[in-house]
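Dock chain B against chain A, hints included.
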Amino acid sequence: MLKLAWKGVLAHKLRLGLTAIAIVLGVAFVSGTFVFTDTLDRAFTGLFDEINASVDLYVRGETEFTGQVVPIPRDVLDDVQAVPGIDNAVGTVQGFAQFIDQSGDPIGGQAPTFGFSWVPGAEDLSVITIKEGRPPEAAGEVMMDAGTARDNGYSIGDNVRVILLTGTEEFEVIGFAGFGEEDNLLGATLAIFDEPTAFRVFDSPDEYASVSAVGDGTVALETLVDRVNDVLPAGFEAVTADVQGEEDQADLQEALGFLNTALLVFAGISVLVGSFIIYNTFSIIIAQRMKEMALLRAVGATSRQVTRMVVMEALVVGFIASAIGVLAGIGLTVLIRIAFDAFGVSFPEGPLTIRPTAVIVGMAVGMVVTLFSAVIPARQASRIPPVAAITEATVGGPRSLRKRAIAATILTAIGVLLLFVGLFTSNDDPLPAVGLGAVVLFFGVAGLSPLIARRSARIIGAPLPVIYGVTGTLARENSVRRPRRTAATASALMIGVAVVSVVAILAASLKESITEQITENFGSVDFQIQASSFGDPTLTGVSPAASTLIAELPEVDVVSPMSFGFWKNSNGSERDLISVDSTTLDEVFAADVQTGSVADLADGGVLLQVDTAEDLGVVVGDTITMEFPLTGVEQVEVDGTFTSEGLSAYLIDNDFFEERFSTKLNFMVFVNIAEGVDLEAGRAAVDAVLTDFPNVTLRDQAEFIESQKAAVDVLLVVINALLLLAILIALLGIANTLALSIFERKRELGLLRAVGMTRRQVRRMIRWEAVITALYGALLGLALGVALGWAVVTALESEGLTFGFPFQLLITYVIAAALGGVLASIWPSFRGAKTDVLEAIAYQ
Amino acid sequence: MPDKRETLLTEATAATPTTGLAARVENGQKIYGEGDAAVHALAGLSVEFERGRFTAIMGPSGSGKSTLLHCVAGLDNLTSGSVYIGDTELGSLNDRALTLLRRKKVGFIFQAFNLIPTLSAAENITLPIDIAGDDPDKAWYDQVVEAVGLGDRLSHRPTELSGGQQQRVAAARALVSRPEIIFADEPSGNLDSTAAGELLGFMKQAVKDLGQTIVMVTHDPVTASYADRIVFLGDGKVVGELHDPTQDSVLNMMKQLGG
Chain A
0 MLKLAWKGVL AHKLRLGLTA IAIVLGVAFV SGTFVFTDTL DRAFTGLFDE INASVDLYVR
60 GETEFTGQVV PIPRDVLDDV QAVPGIDNAV GTVQGFAQFI DQSGDPIGGQ APTFGFSWVP
120 GAEDLSVITI KEGRPPEAAG EVMMDAGTAR DNGYSIGDNV RVILLTGTEE FEVIGFAGFG
180 EEDNLLGATL AIFDEPTAFR VFDSPDEYAS VSAVGDGTVA LETLVDRVND VLPAGFEAVT
240 ADVQGEEDQA DLQEALGFLN TALLVFAGIS VLVGSFIIYN TFSIIIAQRM KEMALLRAVG
300 ATSRQVTRMV VMEALVVGFI ASAIGVLAGI GLTVLIRIAF DAFGVSFPEG PLTIRPTAVI
360 VGMAVGMVVT LFSAVIPARQ ASRIPPVAAI TEATVGGPRS LRKRAIAATI LTAIGVLLLF
420 VGLFTSNDDP LPAVGLGAVV LFFGVAGLSP LIARRSARII GAPLPVIYGV TGTLARENSV
480 RRPRRTAATA SALMIGVAVV SVVAILAASL KESITEQITE NFGSVDFQIQ ASSFGDPTLT
540 GVSPAASTLI AELPEVDVVS PMSFGFWKNS NGSERDLISV DSTTLDEVFA ADVQTGSVAD
600 LADGGVLLQV DTAEDLGVVV GDTITMEFPL TGVEQVEVDG TFTSEGLSAY LIDNDFFEER
660 FSTKLNFMVF VNIAEGVDLE AGRAAVDAVL TDFPNVTLRD QAEFIESQKA AVDVLLVVIN
720 ALLLLAILIA LLGIANTLAL SIFERKRELG LLRAVGMTRR QVRRMIRWEA VITALYGALL
780 GLALGVALGW AVVTALESEG LTFGFPFQLL ITYVIAAALG GVLASIWPSF RGAKTDVLEA
840 IAYQ
Chain B
0 MPDKRETLLT EATAATPTTG LAARVENGQK IYGEGDAAVH ALAGLSVEFE RGRFTAIMGP
60 SGSGKSTLLH CVAGLDNLTS GSVYIGDTEL GSLNDRALTL LRRKKVGFIF QAFNLIPTLS
120 AAENITLPID IAGDDPDKAW YDQVVEAVGL GDRLSHRPTE LSGGQQQRVA AARALVSRPE
180 IIFADEPSGN LDSTAAGELL GFMKQAVKDL GQTIVMVTHD PVTASYADRI VFLGDGKVVG
240 ELHDPTQDSV LNMMKQLGG
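Chains A and B, in that order, are what the protein sequence lines are. Positions 0 to 843 (numbering that gives the first Met the number 0) are the ones given, in order, by the first sequence. Positions 0 to 258 (numbering that gives the first Met the number 0) are the ones given, in order, by the second sequence.
This is chain A alone, in the form it adopts within the complex (with noise of 0.2 Å):
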């Protein structure tokens, strides 16, 4: 039976293979990922073990938070250093800082900018190298990161331009630093300064964001790290350089466990959207086998047997396609790291690592959705009588279309209840049980959709006939043949698109929310400055010494800036909160009190939202437990609730922040213009004290409401571009199905040519009958997808999102989806068109 299932195999070598692809793509999608996250693992473990190799222990703040250095003040490194047994100790500052090109843009944003101070005779502790000219070592000087000198065209002696928190200021560029070996860490721009002048542009003055140190050797190290436990101020600690290591090694893993998760989840829906069109194209190969079968069956063979070998074949190929997956996979991971390359974002080097898991998985997924998605193949070969070998008889009945009914229409219900419970009752991590939901659902309605298929293409197919007359009634009545068929190569393509309209859905609902809320929460601002790029908030934003150049324009009324961090509750889980300008938020935030005042804040105290006070149960008066990064624990006072949405469930002051957060820039400010004074004319002012500051944009409301949508609008690209394989693999199917059925109607082709029909109309009757599949999945996706979004949104009413149909991208994707098909139909239509009309006649 192997034999013959291999013969089997090499007998449909070109359906297989079409088949094979979709494997070999979801598999690839899969291995990828694996091999992805675990060459970045190696490599930033790599650099971490570089990073470390010098170093003995480090000293640091006791609690970390998510963004925060907590300052080492410099009597900490002097004690440090005066430690027996310490050979050296060293302290760097660290900050923001960005450089403008020489057309006056802002170099980077994106990924962060970061600022150090360069400690003289102190390389060995450093990762900073040197690459080229010396070091910084007196006020206007800079050390610029080799990539970024080499992207912008920068020479040493050059001068450039730094923004800064304290202003922006030219510095001459007298060498390139390197990071351990490479010129950039994954697009984050270098710039060095000595250790004055770091003090003074980080706002730091006396304080270090890490101190590093090694023994002389004379004592061990566990004894080291005791000794200089012992001279630490409360709040800090000293850890051997491996516990360090370990740590960042923990949170590296966490995050690419993280990234790994997220792209796997894209990769199943690859791999959905993959086993319906296997399934789809064993289900056609049998029949189109149906004879042979028959006739394995007359000569003694068991449908036991006849099973197993089409189990066998599928094995088969699901073996190869699987392992040419992985291999593709590693081939996508090498395309990956040259298109980063390219993008400027180098990773860190080291070699491509395949660990067993990214082959094993690979394989293993690739191996056991051939298998499933055969198995009901399988039984429909086994139950081939053998009389079909001399006979018309065909495979499935009514019978079974009514079991299959029932089946579908059961598990589609058990889709709705999963999703229902997972969005509408309480419950901590709704995600598996929305998933899940989701992909019973799409079995269940894929289920269903033969049921419909005939009649849903005859409406869709009904334009054709009266466009294209007897090649539209052929095009249309060709793709409701066999129902089942249809609809499987539509289920593959409705998965993929009701997943992207559930997102556009989304999107639009944010989006739509983004408007709802700027508006009533920010109706009385004139202008809003943020950065110019989507990066991390609390590793870019305005830079203080650009509120204060604002504040002293007389045709400026108020300037009232935010910032953002993370502090931790008694539980020692993050949440983020904005502090506010408490004398200014009313003029620029409709925060809309409940209890309480704003202006209590000015001498500390939080606000909460009315929902977050009530599920805390405290009213105003009352304090809750809150961990700063700098402070540590304390007891914040409940100045007020408010309802709005628009910025945190948590509000604090400025000066009360300041004391707490290391974080100096804003994460945004607010201005309004003075009365009087022309909103063009105010405008105009700030856009010129902004110059400065080429990073960050001013923004009148139109155009906030419009910057915060195009953040959604990138989610949405990047997630939809994760979404595109699926599509492939879907579209491929309907062309795979397409041939296959073709291959079927080779006479009904050649008697449609002899009686006239030209190549171009056999053409465009095989196109059609594509594009109406196409349109029936794109059509059934859309509905799911409507129906998931919306029922995702109202789940998430409670937390201001507001439902937003994006009509015209939903038809743009019908429309896309039409045209997939034609693409799909592109090799099967020429092959259809060349069908020999003599060889198609020939009687047999």
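Hint data in this document are derived by calculation from the structure and do not stem from the laboratory. Hints may be right or wrong, so weigh each one.
[Claimed, not checked] With beta-carbon atoms standing in for the labels, derived distance ranges:
| no. | chain 1 | residue 1 | chain 2 | residue 2 | range |
| --- | --- | --- | --- | --- | --- |
| 1 | B | T78 | A | I825 | 32 to 42 Å |
| 2 | A | L13 | B | D234 | 31 to 41 Å |
| 3 | B | S81 | A | L837 | 12 to 22 Å |
Heads up, the beta-carbon is just placed ideally off N, CA and C, and yes, glycines get one too.
Coordinates of chain B only, in the frame set by chain A:
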């Protein structure tokens, strides 16, 4: 949807016939393979098919009768020699022109698989006209449909018709565009004798009453006897001819040739 080129071609080929011939082959050669393996399916054969007559082509297997049919019908090319349908020489036509010629000038009745399963009987009949995007000649259509004798089964799909009915629909389809010539390849090969008789009677009637031209390939003397004229082939050449045959005269001729 007829385009300009189609119209031009139609006009060119619709020129008034100057001879009484619907089709002819001049010194036709068809060679398969090369060198020693070469097979001369048609070995310099010449034959003429007159307008308004029912011609049968007979001959043993491998005599070249099917090849002749395919070449005259524009489904296959001669290796050398020329084929005319009306006044149009087929050798100079490209695929598209050949297709349009088949559409307008040629009708086909095959042994089986004559009908498109997704179309009704009526739609199958008008298929060549619909493909061309032309309006059917209503009176002619009614006449043909009347003759085919399908009655209320016209709206049925092919699978709901008997074999005989299916072949008569195929014949009607061949007739409906009023082609220059109709080619039939063993049209009754899959039918029982009653159904075969009905079909052949219908074809004879189409020639006699409707003035059509039919060329039919068959190996069955009974079938051939419905024709006005029989051309006998052997080894790719015309080896005999018979006018107004009867079953006996056909059998006699066959015996003569076979001997």
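Quick rundown of the hints versus the structure:
1. B:T78 with A:I825: 32 to 42 Å: About 34 Å separates the Cβ atoms of T78 (chain B) and I825 (chain A), which means 32 to 42 Å holds.
2. A:L13 with B:D234: 31 to 41 Å: holds (39 Å)
3. B:S81 with A:L837: 12 to 22 Å: Holds - the Cβ-Cβ distance for S81 (chain B) and L837 (chain A), about 20 Å, lies within 12 to 22 Å.
When held up to the earlier numbered hints, the structure conflicts with none and fits them all.
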